[in-house]
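With numbering that gives the first Met the number 0, the residue at position 109 of the sequence shown is 108, and numbering never jumps.
Because the hints were derived from the structure by calculation, they are not lab data. Source: prediction; values computed, not measured. Ideal placement from N, C-alpha and C gives every residue a C-beta, glycine not left out. Keep in mind that a hint or two might mislead.
Computed spacing ranges between beta-carbons, pair by pair [as the list claims (entries may be wrong)]:
no.	residue 1	residue 2	range
1	S9	R76	14 to 24 Å
2	P93	T33	19 to 29 Å
3	D30	G106	15 to 25 Å
4	R107	P37	16 to 26 Å
5	A14	G54	33 to 43 Å
6	G106	P37	14 to 24 Å
7	A80	L47	24 to 34 Å
8	L47	I81	13 to 23 Å
9	L41	H89	13 to 23 Å
10	G106	L47	37 to 47 Å
11	R19	D82	40 to 50 Å
12	D40	S9	16 to 26 Å
13	P49	I102	12 to 22 Å
14	L41	W117	16 to 26 Å
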Amino acid sequence: MPITAEKDLSALLHAIPYARTIGMRAELAGDEMTAILPFQDLLIGNPLLPALHGGVVGAFLEITAVCQLYIAQGQERFPKAIDITIDYLHSGRPRDTYARAIIVKSGRRIANVTAEAW
């Protein structure tokens, strides 16, 4: 079932409990999704800096990648991540965070997806 509108994308994110918990939203332009993580105090991992919790950032990137793959493939089943590598280039700042995912390679059973947040 292909995602055809922002309403469908919102329903998809609402079906993911952790995406609901962190308040994740997304915008769709054609087949490209931009994920949005609105800043909330509960997302802070280090209050001294302050910096977003690394687990929140990692989950945000994972959900972004999996949703982008789901949108592009238009399959009935939601894809599952089998391996994730995250390179933290700097700490997450206490403001809205955005992410996009690019499908590098997609086969019948496995896909390679790169996600970046800013």
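Report the numbers of all earlier hints that the structure fails to satisfy, in ascending order. The structure breaks hints 4, 5, 6, 8, 11 and 13; every other hint is satisfied.
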